[in-house]
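Here the structure of chain A is known, so what remains is to put chain B with the ligands in place on it, guided by the hints.
Listed here are the chains, written in short residue letters.
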Amino acid sequence: MNKKSTLSWKEYVITRLIKASGYSAIIFVGMILYFLLSQGLPALQEVPLSSLIADRWYPIEDYYGILPLLGGSLVVTIGATLIAVPFGLASAIYIAEIAPRWAREILKPIVEILGGLPSVVLGFLGIMVLSPTLQVWLDLPTGLSAFTGSLLLGGIAIPTIVSVAEDALDAVPRSYREAALALGATHWQTIWTVTLPAARSGVLTAIMLGIARAIGETMTVMMVTGNAPVMPNGPGALFAPVRTMTATIAAEMGEVASGSTHYHVLFFIGIVLFLISLAVNVTASAVIFRQVKRTEKLLS
Amino acid sequence: MPNKNDSVKENKVVLENVNLSYSDGTESLKNVSMPFVANSTNVVFGPAGSGKSSLLRLFNRLNDLADVTLLEGQVLLDGENILDPNTDVIALRRKVGMVFARPVVLPMSIRKNLTYGLELAGEKNKTVLNESVERSLNQAALWDEVKDRLDDPAIALSGGQQQRLCLARSLANEPEIVLLDEPTSGLDPISTNKIEESLQILKKDYTIILVPHSVHQAARTADYSAFFLQGKLIEYSAGKTIYTNPQDERTRDYVEGRFG
Ligand SMILES: Nc1ncnc2c1ncn2[C@@H]1O[C@H](COP(=O)(O)OP(=O)(O)OP(=O)(O)O)[C@@H](O)[C@H]1O
Ligand SMILES: [Mg+2]
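So the protein sequences, as listed, match chains A and B. Heads up: the first sequence is residues 6 to 305, going by the numbering used here. Heads up: the second sequence is residues 80 to 339, going by the numbering used here.
Everything labelled a hint here was simulated from the structure, so no lab data went into it. Keep in mind that the hints are not guaranteed to be accurate.
Said to hold, decoys possible - Below, a sample of chain B positions facing chain A; criterion: calculated Cβ distance under 7 Å:
| id | residue |
| --- | --- |
| 1 | Y101 |
| 2 | R173 |
| 3 | V183 |
| 4 | G196 |
| 5 | K203 |
| 6 | L281 |
To be verified - With beta-carbon atoms standing in for the labels, derived distance ranges:
| id | chain 1 | residue 1 | chain 2 | residue 2 | range |
| --- | --- | --- | --- | --- | --- |
| 7 | B | N324 | A | E110 | 28 to 38 Å |
| 8 | A | S290 | B | N209 | 34 to 44 Å |
| 9 | A | N286 | B | A200 | 39 to 49 Å |
| 10 | A | S290 | B | N204 | 37 to 47 Å |
| 11 | A | F92 | B | N209 | 37 to 47 Å |
| 12 | A | N286 | B | G128 | 47 to 57 Å |
| 13 | A | I103 | B | K283 | 39 to 49 Å |
| 14 | A | L119 | B | T148 | 33 to 43 Å |
| 15 | B | D143 | A | A108 | 15 to 25 Å |
| 16 | A | R61 | B | K205 | 50 to 60 Å |
Values in this document were obtained by computation on a predicted structure and should not be read as measured data. Each residue gets a CB set at the ideal place from its N, CA and C atoms; glycine is no exception.
Just chain A, with the same shape it has in the complex (with noise of 0.2 Å):
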């Protein structure tokens, strides 16, 4: 009796801990949900909706216009969506299903470093390295470009990819591979047909992290990008400057004065950037929930 009671006594203790840490998650970003809104949507009152949605960015004079720093994370993110995507899956499916043993065992820690590396650094690398090649090579006006951006960001949103895809790839039974080989599939439409389809909530999660953790890099764009809140117009737009949201608030933000119209613009603008990544994540847990509940279904 009295071994139970203690017993359900630290239960209590643990369950409670549990659920404080829980709540107290929830709670913190409640309130950074709050403080961004409180201080984000002041700007809705002190600029007119239309100028807001316009394609002037010119604090100094007032134009708050953020269609050029929208268009700018579009560009860059979807560029290097492009690039990530393909090179990290061809990556993990290098290393889960192709590579030799030894080849996998050094391949694994190089991209878990590679998804630890500083974006300063990277960004350090692509202002010294990168766009000066690329604009010789490219002959451009300038090295800094959202093309370099994309190029920076695919680079450092392939290791999330590869790293996640791969355990994906990996968790899939070998038996699958075994049945689909010996009904005398080839080593690649195994991966193509049954592997890969096998995995494809985990490859999703995949590139999803991906390209979260593409919107929301900051160092890396401010430093390669141009900085020009330009107006992205055309397919041109990829290989001149540009200026993405992230950049936006992290450069203007030390200079301005704390309740000013800026101010309060710049924390609006933290409050689309928010908006798009709750997309995004929303996108890619419905897809993924969606098929979790299907399988759940056939299995009950």
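Leaving out everything else, chain B with the ligands in the frame of chain A:
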């Protein structure tokens, strides 16, 4: 000389002095020589770790994936040594179907599972594919149970149905040999019975090589039996005498349930 006489059946596969070791030093097959007879159920039985699975995986070269360090001897399928490095492994695997101990349905619909092999081989004709689906499901005694939901995901089937789907899937490739590695080990007696009944009919057209999950199943199904112990072929016999009157002491012990 292969005898074309109806009463005497041909040897479909002949093993000659096969040795197989894994990289960890396990000698899984030691100098194994034996025939596998066409249009019959060839049973390979023995205790755990006696090399039955290693033997079966020779026939479709699935051992290629494992860490095999030593592979000697010959496996003659219709007189051709399939261990030869120049063997077309993909073509071989179409000719030699396999059903595993635990059902492995691929993450796709029932129909897709069945047409998978043929589609890989380049078959696109819908009529051919549909006919193959119906034929193979009938052969595996599954058609009546799934004919109305062929496009449902295959994991929705019960374990017993999944295993029959796996049998049907390997039959859809129109193989010549069907390997079954303890195909009923996870199944209830009724599903087991269904598979055994299918095998009885299938052996008219195919060479069946079966690792049974029990001595009882071996005795029920065998036309030819081979008893293995620690990688060695201990006793081989036609008919069921090996179960009623084994010649080797070790076979007798195993059959009578004294070890293993
Ligand atoms: N991939 C592998 N790598 C190393 N050793 C292996 C491998 N596969 C099997 N072995 C070893 O080879 C021996 C024979 O194994 P095998 O799977 O052929 O036995 P089995 O007769 O099928 O046994 P069971 O009845 O348990 O399925 C065992 O000692 C096993 O540990
Ligand atoms: Mg086995």
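Tell me if the interface restraint on G196/B is satisfied: Cβ within less than 7 Å of some Cβ in chain A.
holds (4 Å)
Can the hint on L281/B be confirmed by a CB-to-CB distance to chain A that is less than 7 Å?
L281/B check fails; min Cβ-Cβ to chain A is 17 Å, beyond 7 Å.
Does the beta carbon distance between S290/A and N209/B stay inside 34 to 44 Å, or does it fall outside?
The hinted range 34 to 44 Å holds for S290/A and N209/B, with Cβ atoms some 38 Å apart.
Was the hint right that K203/B lines chain A, CB cutoff 7 Å?
violated (15 Å)
Range hint 39 to 49 Å (beta carbons of I103/A and K283/B) holds or violated:
Holds: the Cβ-Cβ distance is about 42 Å, inside 39 to 49 Å.
Given Y101/B as an interface hint, is its Cβ closer than 7 Å to any Cβ of chain A?
Given a least distance of 15 Å, the restraint on Y101/B is violated.
Kindly confirm whether 28 to 38 Å is satisfied by the beta carbon distance between N324/B and E110/A.
Violated, at about 54 Å.
Is 37 to 47 Å a correct range for the gap between the Cβ atoms of S290/A and N204/B?
Given range 37 to 47 Å: holds, Cβ gap about 41 Å.
The hint says 39 to 49 Å between N286/A and A200/B; measuring C-beta to C-beta, is that right?
holds (42 Å)
Outcome for the supplied range 37 to 47 Å, where the beta carbon pair is F92/A and N209/B:
holds (40 Å)
Could you check the hint for me, namely that L119/A and T148/B are 33 to 43 Å apart, CB to CB?
About 35 Å separates the Cβ atoms of L119/A and T148/B, which means 33 to 43 Å holds.
Does the beta carbon distance between D143/B and A108/A stay inside 15 to 25 Å, or does it fall outside?
With a Cβ separation near 19 Å, D143/B and A108/A satisfy 15 to 25 Å, so the hint holds.
Checked against the numbered hints given earlier, the structure breaks hints 1, 5, 6, 7 and satisfies all the rest.
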